[in-house]
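A.B. asks: Knowing the structure of chain A, use the given hints to seat chain B on it.
Here's the letter readout for the chains.
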Amino acid sequence: MAKLKLRVNGEDAEVEAKETALLLDVLREGLQMTGAKRGCETSHCGACTVLLNGAAVHSCVVLAARCEGKEITTVEGLSQGGALNRLQRLFLKHGALQCGYCTPGMLMAATALLRRNPHPALEEIKTGLDGNLCRCTGYTAIFDAIRAYAAGELEKI
Amino acid sequence: MDRKLIRPGSIEDVLSEREKYGKDALPIAGGQSLLVLLRNKLIDPIALIDLENVRELHRLETEADTLSIGAMTTIHALSSSPDVRRAAPVLGQAASKVGSTAIRNLGTIGGNLCHNELGADLPPALLALNGVAEVRSKKGARKVPLGQFFRGYFETVVGPEELLCRVDLPKLPANASGIYLKHAISSEDLAIVGVAVILVPDGKKPRSVRDIRIALGGVAPVPFRAAKAESAIGGAALSAEAIREAGEIAASEAEPMTDPHGSAEYRRKMIKVLVRRAITTAIEQAERSSNGQA
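Which chain is which? The protein sequence lines are A and B, in order.
Residue numbers for the first sequence follow my numbering, beginning at 1 and rising by one.
Residue numbers for the second sequence follow my numbering, beginning at 1 and rising by one.
Extracted from the complex, chain B is given alone in its bound form:
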């Protein structure tokens, strides 16, 4: 039988379809990964639930101190939005590195997170930004910090009756700086290693931080925050030695796998290099802006 296409106009209607079909129907956001899975016969749902006509999912707005990003916001919108550039430049950088122009034009933040493919660019940036997902079902809404959102390769906590509706990013301190670095074979590839770093300088003591966040993608079943590296470096003066050590610790926290893009050993080596570069660049950025040169 031909696959059905259901096109609800509201979140409530999507959730009714989710409840009705459960695992037998899949929500389709931008379709940039899902339609490839369908074509390759890796999935075979009875129906697709098209999210395009749900206006609420397309909202990108700042409420109080939170940047709220609807699940259907395109990657292109993230990379070109002045709101994102102002409030979460690391996310804009990561978005501009996703896939290719055509994929960014249709791909969405919600699809990127729910597909949870190894080496996706947005998750490290959103983890470093302390993003919180709003996941809804007929029974209600729950807030899931992104640190608890990813479950395993291609798996998240979003259940068959649920829908990821939006991601909220709390406001960063004004003096925060950050960067997303991607190591890939070709620009449109997934990251072999993706590193997002956000740091908040101490403000009084030079080269000291009040808060540092290091998130890694492509090097474990799920993207994650390198908590040990963060606590080893937090509060200390950031000497070249301390930064190098943070890279070593972050590499020891990863569980990389070997695949055709790179061996586990190579991935660990690249984590060390990228974490060091990312922290160094973020410090330089912070120092430039505190000197009024930003």
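The shape of chain A in the complex, shown without the other chains:
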């Protein structure tokens, strides 16, 4: 076992884990942060997507030990003062989720994309989300929500 010092959503956390533990397991079981979802566990579906130093990664194929000294952002880190952020509210407005299981991953991939490229073209949105599957076939609404965000659309809930 190893003691890991991680920085998650701007806060320092210490957690005991196996030396080769995966980030997804450490987040969900060690830190009780269940926002990142366990999906395929083979780096296909993207339900476990988090940001590592701002880049979208599948936390099911990341060694937690490698994340020491880096900034980890999970979906729990998006809300501000307990309120959903604008991207999250636009996902609601545009009906960008059905069952919701892919949503945390979609939000994180979209967040990485929008930070890097605040005004993505539709093709760029598709590439930015190419590591995230939605089995309710809600892609169009997801793209709409992200385009609305880029266009500066506001939404109150």
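Be aware that a few hints might be false.
[What the hints assert, rightly or not] Straight-line Cα separation of at most 20 angstroms, PhoX-like style, residue types lysine-lysine; simulated pairs:
hint, chain 1, residue 1, chain 2, residue 2
1, A, Lys3, B, Lys23
2, B, Lys139, B, Lys20
3, A, Lys18, B, Lys4
4, B, Lys138, B, Lys23
5, A, Lys3, A, Lys93
6, A, Lys18, A, Lys3
7, B, Lys139, B, Lys23
8, B, Lys4, B, Lys23
9, A, Lys5, A, Lys70
10, B, Lys41, A, Lys18
11, B, Lys20, B, Lys4
12, B, Lys4, A, Lys5
Bear in mind the hints are in silico, worked out from the structure with no lab data behind them.
C.D. replies: Same frame as chain A, now just chain B:
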């Protein structure tokens, strides 16, 4: 017992661990394939040797006329590097087609080559670029042209005491053009057929080439150069008929297998189509740039 994670800070230290553990420990680069194999219990090493802290492996630099790419260079870095775009655009194209954004962010050139999965995108591009691997062990370094690097499905010449440290790409002539085409079911899949073509136009005679390189992935136990197709077409004027024939010959050089993604017969058919398209596109590119329209 829990698996160990060893985190050396230099190539020398990695090689010491390689010598000590041999087959019982595996180097981990980006981990995008290896951690899936572990999870599925297809491998069970005593320890992982983490390469992330070895700075030398992260270098991407141009030395003299060679683009030198450290094994830990990420696929994302390859697809966004101005050096790669300038010196080896075919590699940048192939990199942008690997897996998904998240996989490209962590996956590495070294991992991609050493894993040698059927249909990987980088090997055809690197073969067409005449890439040379530097493989090191405690006993010394050896240079392995990539044409001799791949051994079989998931196998390469890198031994249990060795480490792939970098890939060197010799400079292409200024008028060279090239393209990587990928045929896959979905964008994040491996290639059913991947074709990289690089050609160097004759410069004097229109539609003639001084050098043509055709590399294929996904259609044989190892990615390879279609040498017969290359020599059949090299030097000749590239008529539509000659290009079509090159595709036929390349397809006959492949040893495709049938799997859930496509039958062997389908793969052969797609080689013909993709080789023809790739050569045609590369010629058009070369003609555009010689007319100053690039």
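A.B. asks: Hint by hint, say whether it matches the structure.
C.D. replies: The hints, checked one at a time:
1. A:Lys3 to B:Lys23: Not OK: A:Lys3 and B:Lys23 at ~28 angstroms, beyond 20 angstroms, violated.
2. B:Lys139 to B:Lys20: This hinted pair holds, its Cα atoms lying about 13 angstroms apart.
3. A:Lys18 to B:Lys4: holds, 9 angstroms
4. B:Lys138 to B:Lys23: holds, 15 angstroms
5. A:Lys3 to A:Lys93: Answer violated: A:Lys3 to A:Lys93 is near 42 angstroms, above 20 angstroms.
6. A:Lys18 to A:Lys3: holds, 9 angstroms
7. B:Lys139 to B:Lys23: holds, 17 angstroms
8. B:Lys4 to B:Lys23: holds, 14 angstroms
9. A:Lys5 to A:Lys70: holds, 10 angstroms
10. B:Lys41 to A:Lys18: At roughly 17 angstroms apart (the allowed maximum being 20 angstroms), A:Lys18 and B:Lys41 satisfy the hint.
11. B:Lys20 to B:Lys4: holds, 14 angstroms
12. B:Lys4 to A:Lys5: holds, 18 angstroms
In the structure shown, a violation is registered for the earlier hints numbered 1, 5, in ascending order.
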